[in-house]
Amino acid sequence: MIRAATFLALALPAAAQDRSDEIAAQLDEVMAEYRVYLTCSTLDPEVHAPILARWKNMVAETQLALAEAGLAPANLGDFIASGWTGGLTPEPGTPFADVQSFCAKHSGWLRAFDSFSYTKLPDALDLEGDTP
Amino acid sequence: MRAARGGIALALALSATPALALTDGQKDQVMLWWQQAMAEQTVVLTCAATQNDLEKSLRKRWEGIRQQTLAAMAGAGWPAGELKTLRAASAPDALRKPADTPFGEVIAWCNTFPDWFPVARDLAFTALDAEVARVLSDTAP
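So the sequence lines, in the order shown, correspond to chains A and B.
Counting from 1, position 61 in the first sequence corresponds to residue 61 in the working numbering; the numbering is continuous, with no gaps.
Counting from 1, position 51 in the second sequence corresponds to residue 51 in the working numbering; the numbering is continuous, with no gaps.
Rather than coming from a laboratory, the hints here were simulated on the basis of the structure.
Mixed in with the good hints there might be a few duds.
Claimed, not checked - Restraint ranges, calculated between C-beta atoms of paired labels, are given here: (1) A:Leu64 / B:Trp109: 24 to 32 angstroms; (2) B:Gln36 / A:Thr119: 55 to 63 angstroms; (3) B:Glu105 / A:Ala49: 32 to 40 angstroms; (4) A:Phe116 / B:Glu82: 47 to 55 angstroms.
As the list claims (entries may be wrong) - Non-contacting residues of chain A with respect to chain B, defined by C-beta distances greater than 12 angstroms in every case (computed): (5) Ala24; (6) Ala69; (7) Ser117; (8) Thr119.
Glycine included, each C-beta is placed from N, C-alpha and C at the ideal position.
Next up, chain A with everything else stripped away, as it sits in the complex (with noise of 0.2 angstroms):
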């Protein structure tokens, strides 16, 4: 899995490098966020497709804000997007005993989703004093 480091790093203008670092650890924070959440999720598709939902308006929010500072690597959501299987949710082999064992490790998942207590993609990566 490519990490938004490594990403930001070729994708961000030029102007914007010296942010780069800091919006991708934040990008890869609120994906490893993320990845709690679609993964143990899957298994329940009432409680699965809000989530996902929720993940897919939130990279679109947050490509526009992005491009709102000047910082909008054109192909942002395909990067989130190669993450989806194997980044955001397991690979399909996977052991189903492996994905217990890394639901139960962030057992209160579902507690936080349903009570609003995610973190807010555009909010995190915190691009209010990078608007032009």
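Dock chain B against the given chain A, drawing on the hints supplied.
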């Protein structure tokens, strides 16, 4: 001393004698309830495996139901060997999909039971203990 020996002999005789005479029809009914309940538990215990809190609560609930049912069957004179087999086969870890099952297969399998979550949340599965007790209570002494 003689009275004590007599008491032990009587106790052994009672413990070796089934409390109730079970008919084949009743035994078949009881086992059909077990089959149904175990099939349901296989679904909820497998598909809730990534929701730790729910899985723990389902496991606890199923443990209570099956232990109570097994105790009632023992009280009705069900053969001990059959109860032992049933106890092992109905254990949560025996019911759930094996640990090495590819997760993709588990997802596809759970997706064939779209209503598993409301069933699990509302505990809307077979009341095995009540159904088996009902069948056993029909047994004539």
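Comparing the hints with the structure gives:
1. A:Leu64 / B:Trp109: 24 to 32 angstroms: violated, 39 angstroms
2. B:Gln36 / A:Thr119: 55 to 63 angstroms: violated, 43 angstroms
3. B:Glu105 / A:Ala49: 32 to 40 angstroms: About 21 angstroms separates the Cβ atoms of B:Glu105 and A:Ala49, which means 32 to 40 angstroms is violated.
4. A:Phe116 / B:Glu82: 47 to 55 angstroms: Distance hint for A:Phe116, B:Glu82 holds at roughly 51 angstroms.
5. Ala24: A:Ala24 is indeed farther than 12 angstroms from all Cβ atoms of chain B, at 28 angstroms.
6. Ala69: A:Ala69 clear of chain B: closest Cβ-Cβ about 36 angstroms, beyond 12 angstroms.
7. Ser117: Non-interface label stands for A:Ser117: nearest chain B Cβ at 15 angstroms, farther than 12 angstroms.
8. Thr119: Correct as stated: the minimum Cβ-Cβ distance to chain B is 20 angstroms, above 12 angstroms.
Violated hints, listed in ascending order, are 1, 2 and 3; each of the other numbered hints is respected by the structure.
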